[in-house]
Amino acid sequence: MTKKDIAQILVGIDGNTVLSGARKIKTKLITEINKQGLLDQVSVIETGSIGPVNKGVVIGIYPTREIYGNVTENDISEFIQERFIKGRPYKKLLLPEKLPIEIDLTAYDPRKTQYFGRIVLDNCGKINPEDIKEYIGVGGYEALGIALKEKTPEEIIEIVKNSGLRGRGGAGFPTGLKWSFAAKAKRIPKYVICNADEGEPGTFKDRLIMEGDPHKILEGMAICGYAIGANTGYIYIRGEYQLSIQRLKKAIKDAEKLGLLGKNILGTDFDFEVKIKIGAGSYVCGEETTLLNSMEGFRGEPRLKPPFPAESGFLSHPTNVNNVETFANIAPIVLNGAEWFKKFGTKDSPGTKVYTILGHINRPGLIEVSMGITLREIIYDYAGGISSGSFKMAQIGGTAGNILSSEFLDVPLDFESLRKLGYSLGSGAILIMNETVSVVDFMKCCIKFFVHESCGKCTPCREGTKYIYEILDKISSGKGKTGDLETLKLLGKSMKDTSFCPLGQSAPNSLLDTLKLFPEEYNQILRK
Amino acid sequence: MKEVKITIDGQEVMAQEGKTILEIAIEAGIKIPTLCAMPELGFTPGSCRVCVVEVEGAPTLVASCVYPVREGLIIHTKSERVLQARRIVLELLIASHPLDCMTCEKNGDCVLEDLAYELGVKESRFGRIERKLPLDESNPFIVRDLNKCVLCRRCVEICNEIQQTYAINFGYRSSKTKVIADGDNGLRYSECVSCGQCVAVCPVGALIDKAAQGKGRTWEFTKVKTTCNYCGCGCNFDFNVKEGKVIKVTSNPESVVNGINLCVKGRFGYDYIHRDDRLTTPLIKKNGKFEKASWEEAYQLISDKFTQIKKESGSDSLAVLSSAKCTNEENYLLMKFSRAVLGTNNVDHCARLCHSATVAGLAQAFGSGAMTNSIKEIADASAIYLTGSNTTENHPIIALEIKKAVTKNGAKLIVADPREIELAKYATLWLRQRPGTDVALFNGLMNVIINEGLEDKEFIAQRTEGYEELKKTVLKYTPEVVEKITGVPADDIRKAARIYATAPTTSLIYSMGITQHTTGTDNVLSTANIAMLTGNVGKESAGVNPLRGQSNVQGACDLGALPNFYSGYQKVTDSQVKDKFSKAWGVDLSDKVGLTVVEILNAAYEGKIKSIFVMAENPAMSDPDLNHAREALKKTEFLVVSDVFMTETAELADVVLPGVTIAEKDGTITNTERRVQRIRKAIEPIGDSKPEWKIICELSQKMGYNMNYNNPGEIMEEISQLTPIYGGIHYNRLDDGGLQWPCPDAHHPGTKYLHKDKFSRGKGKFFAVEFKEAAELPDEEYPFIFTTGRVLYHFHTGTITRRSKGLNEIYPEALVEINPQDAEELGVKEGEFVEVASRRGKIKAKVQVTEKSGKGVVFMSFHFHEAAANLLTNSALDPVSKIPEYKVCAVKIQKIS
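Protein chains in written order, with my numbering: chain A, 1 to 528; chain B, 1001 to 1897.
Just so you know, these hints were derived from the structure itself, not from any lab.
All values derive from a computational prediction rather than experimental measurement.
Keep in mind that the hints are not guaranteed to be accurate.
Here are the simulated lysine-lysine pairs, DSS-like style, with alpha carbons at most 27 angstroms apart [to be verified]:
id	chain 1	residue 1	chain 2	residue 2
1	B	Lys1122	A	Lys493
2	A	Lys479	B	Lys1132
3	A	Lys448	B	Lys1176
4	A	Lys489	B	Lys1005
5	B	Lys1404	A	Lys186
6	A	Lys184	B	Lys1019
7	A	Lys496	B	Lys1078
8	B	Lys1176	A	Lys479
9	B	Lys1005	A	Lys474
10	A	Lys305	B	Lys1425
11	A	Lys305	B	Lys1408
12	B	Lys1002	A	Lys489
13	B	Lys1223	A	Lys448
14	B	Lys1002	A	Lys186
15	B	Lys1176	A	Lys444
16	B	Lys1404	A	Lys305
17	B	Lys1122	A	Lys305
18	B	Lys1122	A	Lys496
19	B	Lys1005	A	Lys305
20	A	Lys474	B	Lys1122
21	A	Lys496	B	Lys1031
22	A	Lys493	B	Lys1178
23	A	Lys448	B	Lys1846
24	B	Lys1019	A	Lys186
25	A	Lys305	B	Lys1019
26	A	Lys184	B	Lys1002
27	A	Lys489	B	Lys1078
28	B	Lys1019	A	Lys496
29	B	Lys1176	A	Lys493
Chain A extracted, bound-state conformation:
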């Protein structure tokens, strides 16, 4: 804290809050503070997402860590008066969540990083994402410096391998191993691609990461470029993510100005530039080979693997594609070491996981928790419990993910535990539903999404999604017939078994889960 600050007001400016007037609130706050003569004591800082969503404009206060939601212009004058003149919390808008604090390993509790340290969201809601100096001020680009000046590319890959970091895009492939493939490939130039085409319904953690801490992604990409021998990085980002794009662009420019990107980074002979490619809103373009097609200007549809991108990716050159969250883990790992990272999470899935939690809960929002935390803990410790009624099911990993019913509440959420159940962790969305939700209607919604998003390349996905929807529609409108459930199961299993890419393979996941978990609901409607 500079000046004689007694407090900092953090205004969370992200894609959600902008729409609620966050920028106006920020201006109003400054005006009001000025009016009250508090300018040298209270500073107003723009930052990324503070955490809670569905709570309008959210602001936080350091060092006291209170969070206020649904802040409107009309509240400001009273708020400043109460909080900073009278010196007491402004109860009307106070939320139960608290701002995160610095990572404090002495207070380490492997289960609850929310309060004791975050890796990915460390700076989110804390620093001004549009000010590179703030990022540098909290240790930003130090990892890049260490990598370039003290480590060989092989050593970097070893560190990432040893950390046990697994891809956060959903599949959980070991990141260090992936990098080593691209590093081995001979052909140059090579490319680093950050997959920021976050299209899974209900998932927006990558957006909030990019909006809140864009430099962390750039730093992670640059370290990756150094490790695999690439000099160009691309961020393939959803066109809808305007604020992310704007902040990333500014971040790239600022980093280039300081010699942290571009030619001869930090005086070394390593060059790395980052460019932004904007997607056009197709879900399947988040699949890495489809993303490559899209980047090359072709129709968004998956490519055959092998060859894998590490061997023949963008423009047929070796390419390493990682998710935003994966890249955000890199600088902390390089800075603190693999052993430090492994203290978080579980043995098979070290580290933390960022989730967006939504649905019938009291406190929807963005959280970062240790891998291995259970669904019950998420709902009751972080989400403030079910908002009305009782828990029925949760969809984890977005529309392509799996359905967990109450019997799964205590399953640890990590790659291995879920894999054992035949499930996957997926994109990081957790949608919690109470008993008012009809399974059949919910499935219709999910499948309709895939009917729309299937790229049309392979038969099972293109045709299968269509016929699954048809059958569900008939069932829900009372025209179902005996055998429909069998047909759905058969079709779903076939799609999983024969589709070309993960879209078609995962589209029936939730359907098959609900058929297994809630057969009586389907049968009830069929019997009507």
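Fit chain B to the given chain A structure using the hints.
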């Protein structure tokens, strides 16, 4: 590649690592059904999912067409899981597929039908959602019924990756996915060039040959394999014959030259065979009108007239025009007829008008005037120098090889052409020289190569002669000097020279843009110079490769339909040769070199030639300065023409004999890469028409010379005895892809590329050639350069393509291609009519405004009798080869209001 052991359906097999499961299964005799894959074309998208198999340990089933094998794989191709999955996939496809199989064109030849039968799928358990898309009948040749489409992508693949037209692709998404043409406005309105490759690969009835609709299904056709009779590519295909009629053409991947590929003319341009205006009986002109006659009458009249003229005015007052559209055997017989029966060497054919400069030039430099390398070698060249050939339109299948070289194999393409031809898009460098300045451009390139020390010194020293003289000449042609002459920037000349000289193999490809000049022979000598200078002759994927225009123009030359050669380029002036033929034919022969095409017509104009026998040629359309040529034909005392239609030349004849198309006769033709291939009789001659070889035999008999063969195979036996380069050509050796000459004996495998260790003439000879301007240059009165050529949809004088319904629908009239700037200055817009006039004639035609034409240059094709480009062209001849200057003359243009 490593051998690995895998288990497939319980059977242990050794397999090459990396091959696909499908390939290994085929090798092991295990059948896996497929739908989208065409491994024979290198296309395995893995998207239909019919070929899925189970690999132990893999989380899902895998597509066998793309899954590579590795050590220890255990594969099940027929497990219940696999069969079930295949059935589901099939049911999903059938659920939206119209089940009108009983009336579907594809019935019996449909992959979906076969799969349903094989997997026992009668109906879909998922119900039916039909697509109800309208038929796309916009293209004259192709009907698209997307309701039947299974989205296998084969059509898209062949259009985009092989044909590289990019007319179609997948459009929309999910269950609305369909193959769309450009903006989804119908095939006709897209970039489509109607090659019909898509029809050839469609596994179902979604893409149908429009003209064959309702005319028969696969089991009703007899397929007769033959060779295309349009351009010099020499593509193979099958005539599909039903009840004595050719219904359609189909291609198959086994064809040596073209694989499954054909162009629009080859695939769809044979409907002329059954046109009702075919000539079906001999016609004799009486009082200015043709009257039907019997063969006997016609033969008698011709025999009487020829005998009389020969007697009165001598043998050399007779002349014969042979044909690049007829077979080798017919060309051989006609030149034999000319020499042995009429007694004159006045025999020539239209090669004079297209590639005589090649024959003359390359024979001088190398000793042999043909394409040095093979078509299939083009794709592997490291660099290609393409000049004076609009390959995409004139040799479409060779253009595919060039595109493959560039886009698949990374070759550098240099295009040197005054017109912005389609292949310019693929070029690393496009040099737009002023028409008629090729020698200067070549000299400029060689200047750079020598100055920068990039010449192949070893090759020059060991395999060539005349280098010092060449060097002296080209050193004057600095890039700056050449820029002034040609308009090509000096730096581009330097870049092109470096590419040419430094690429491991550079293939030079040219066509009539090089030959049809008064400096045609000089141009050809220049191509030989640069190829030898850089050591690019006598090795694979390099060489000097003239693309011959007509299907058998190579063969017609080979078989001696030339005034100075017997078959196999044996000189008429060589007494040993003369004695050999004299002995074989049992007559005395003349050793006086005969007249060339244009000379024959000039002599006719002057009354020196009294009578001409024209076999299937159309000089009244194809020769330069047509007014003069037509006048000359009219002046003959007795003109005989054989052809399949009443051509502009036949109109002028005294006797017209009905010949046949290639569907009605046997024989061989020789393509541009010297490949002798069979054509096979598919149907009986129409009406009273007869194959030309029979006509020549019968006429000879009538004239008292015994010419008696039971079939063309017997003629080839005689040819092989008398013609060393064809010495090993026998019909029984031609069934499997033909043979490339030189093929001296019955055990010789044929020759893929020429001049390997030694040039045909011993050492290759450099000719120092100076640049000379074209005979007629633009001036104030005639300010534009006029240049001519062909277009994709028509052929030669249009005799057959103008009679093909679809071809004529797509390209119905002559167009004058004018640069936008010129058009603006002339005040004309696209589609308006102009009068184009030269010192020799004038024509009226529609304007096409296009960047293809450079400023000051206009282009027209010569296919259209209504606006015959050759009324304007200059008959000035190349002094050596006697080829006329079709590519440059001066014209003026006026808007017609």
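Against the structure, the hints:
1. B/Lys1122 x A/Lys493: 21 angstroms, holds
2. A/Lys479 x B/Lys1132: 24 angstroms, holds
3. A/Lys448 x B/Lys1176: Satisfied, since the Cα-Cα distance of roughly 13 angstroms is no more than 27 angstroms.
4. A/Lys489 x B/Lys1005: Violated, at about 36 angstroms.
5. B/Lys1404 x A/Lys186: 25 angstroms, holds
6. A/Lys184 x B/Lys1019: 23 angstroms, holds
7. A/Lys496 x B/Lys1078: At roughly 19 angstroms apart (the allowed maximum being 27 angstroms), B/Lys1078 and A/Lys496 satisfy the hint.
8. B/Lys1176 x A/Lys479: With Cα atoms ~25 angstroms apart, B/Lys1176 and A/Lys479 stay inside 27 angstroms; holds.
9. B/Lys1005 x A/Lys474: It is violated: about 50 angstroms lies between the C-alpha atoms, which goes past 27 angstroms.
10. A/Lys305 x B/Lys1425: 31 angstroms, violated
11. A/Lys305 x B/Lys1408: The hint holds at about 20 angstroms.
12. B/Lys1002 x A/Lys489: 42 angstroms, violated
13. B/Lys1223 x A/Lys448: 49 angstroms, violated
14. B/Lys1002 x A/Lys186: Roughly 21 angstroms separates the two Cα atoms, so the pair holds.
15. B/Lys1176 x A/Lys444: 19 angstroms, holds
16. B/Lys1404 x A/Lys305: 24 angstroms, holds
17. B/Lys1122 x A/Lys305: Measuring from Cα to Cα gives roughly 34 angstroms; hence the hint is violated.
18. B/Lys1122 x A/Lys496: 24 angstroms, holds
19. B/Lys1005 x A/Lys305: Judged against 27 angstroms, a Cα distance of about 22 angstroms means the pair holds.
20. A/Lys474 x B/Lys1122: With Cα atoms ~23 angstroms apart, A/Lys474 and B/Lys1122 stay inside 27 angstroms; holds.
21. A/Lys496 x B/Lys1031: Holds, because 24 angstroms separates the two Cα atoms, which is no more than 27 angstroms.
22. A/Lys493 x B/Lys1178: Roughly 26 angstroms separates the two Cα atoms, so the pair holds.
23. A/Lys448 x B/Lys1846: Given pair A/Lys448, B/Lys1846 is violated - Cα atoms ~54 angstroms apart, limit 27 angstroms.
24. B/Lys1019 x A/Lys186: Distance of about 22 angstroms is within 27 angstroms: holds.
25. A/Lys305 x B/Lys1019: Satisfied, since the Cα-Cα distance of roughly 14 angstroms is no more than 27 angstroms.
26. A/Lys184 x B/Lys1002: 21 angstroms, holds
27. A/Lys489 x B/Lys1078: 22 angstroms, holds
28. B/Lys1019 x A/Lys496: This hinted pair holds, its Cα atoms lying about 25 angstroms apart.
29. B/Lys1176 x A/Lys493: 23 angstroms, holds
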